[in-house]
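Asker: Each chain, letter by letter, is given below.
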Amino acid sequence: MRRIEFYFRETAAGIRRNGIMAFAAISTAFIALFLFGLALLIAREISLVIEQVTGNVEVAVYLSDPVKPEILGQLQQRLQELPAVDSVTYEDKAAACQRARELFKSNPAIIENVSCDVYPASLRITLKDTSQYEQIPAALSCTTGADGKVSCQEPGVLEVRDYRDILDRLSAITRVLRNGVLAVALIMLGSATVLIANTLRMGMFARRKEIGIMRLVGATNWRIRVPFLIEGLVEALVGAGLAIVTLFLGKVFLVDQLRTQVLWIPLIRNSDVLAIAPLILVAAGGVAIVAGTIGIRRFLDV
Amino acid sequence: MISLQNVTKVYRNGVTALEDVSIEIEKGEFVFVVGPSGSGKSTTLRLLLREEEPTSGQVYVAGKNVVRLSTLGGIPKLRRNIGCVFQDFKLLQDKTVFENVSFALEVIGKPKHVIDGRVPEILDYVGLGEKLNNYPDELSGGEQQRVSIARACVNRPLVLLADEPTGNLDPNTSVDIMRLLDKVNKIGTTVVMATHDQAIVDAMRKRVIELDRGKLIRDQSRGVYS
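Taken in sequence, the protein lines are chains A and B.
Letter by letter, the first sequence follows residues 239 to 540 in this note's numbering.
Letter by letter, the second sequence follows residues 1444 to 1669 in this note's numbering.
Treat the hints with care, since some could be wrong.
[Said to hold, decoys possible] The calculated lysine to aspartate or glutamate pairs, modelled on DMTMM-like cross-linking and capped at a C-alpha distance of 20 Å, are: (1) K1553(B) - E243(A); (2) K1520(B) - E448(A); (3) K1626(B) - D1567(B).
No wet-lab data here; the hints were simulated from the structure.
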């Protein structure tokens, strides 16, 4: 207890004495961790959009009405046996309608004027290997018409639609956005590490007389260093806390404002912000550990 | 208590600070180490504290070979058995007299009840029982040196090393400090004091070890400065 009290008193004294440097370190950590969290939230948002738009389905085989159970079973089995296919799920007309209504929630006119009957049932396919897509139209003896529409000879099959393109484009956008923000975040995390390390070093320099006396009277290396390590950790964690709060406020005041205006796009929820909070804290911990190791290296000798 | 065996110390810049020096000091002795600047006095003290390692030879303090001590636990433990007093006092200006002394116990993890018991006791012993809450800049040089002696002795060390403890003090105050060191010696602490102060050495009539350019040139019990 006494030791813990000592560590925290020394840490608090250090941060107070080193105020401006500590402030700089905390702000850099805050910006870095904020961008890091932002990158994660952007990735999450885009994957929400992709899921909404495509249901992660890469190929849809639309079925002609009425769907005969024996043909359905046969088709499902044949598609499932194709090496390129990962999974095949059946979506009946009611489910298709439900999904369409969800999609057009913001536009009641469409929902009211289009009867559920127009939405075809479909087999929704995810691929193991998207480059092997051709296996599917081939298996159903489909041909691509001049208008780009794929029509099929197979009984019961209306049309095959390829969503790979959209998916590819969406995930390309995700990648660029997420990687861009992550790259900036990584650079900022690097600067935060250097700044915190520097703060610790300046703190040690400011207290070199105390450290000299501590050594002289037989304080162990760890007794001398731990207050500085805690100081780095506190700075990183305060930055992380501010970043989490800011992301949360941004979600409440910016994203939630959008929610009433753009109804057709699914938006991140509080739980998504909550889910990335531990990652931000872990990143802060990493920054503190690296900064501590660099910062106190010069004082490793007794 | 202290044993230097054929110790040579050559610094990295090529300066030979000590050359084949052997010294034996028994428990409870009071020893002056004298000699001009650069004769190796401070190096001797730094070797005992294991702030430096000898280039060759062995150094024993309290039965331990200090060269073999580990930085992790061994060296701190050695230093807990050695008190240090310097010419410039090395007090922390933003701490009170009490805090300066208690700091030495706190940083080696002594519990609060030990600190609260020992610090006023040792400050009383050095004659500063009334000045617990003063800051160093409110004290005279002699009083500051008393604080530093209190800090050096509060953990009851076996050895007290003093490097020119009277170097910044006027003659009368120096005599008071020497009385105090003698008092510390009388309760069983081995005292090793490096000094230039001829008057003090001559007055005390203690064992004198004289170094000159790194060589031991005299070791005399009840000696004088030169």
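Asker: Mind checking the alpha carbons of K1626(B) and D1567(B) for me, to see if they're no more than 20 Å apart?
Answerer: Measuring from Cα to Cα gives roughly 13 Å; hence the hint holds.
Asker: What's the verdict on K1520(B) and E448(A), does the C-alpha distance respect the 20 Å limit or exceed it?
Answerer: holds, 18 Å
Asker: What's the verdict on K1553(B) and E243(A), does the C-alpha distance respect the 20 Å limit or exceed it?
Answerer: Satisfied, since the Cα-Cα distance of roughly 13 Å is no more than 20 Å.
Of the numbered hints listed earlier, not one is contradicted by the structure.
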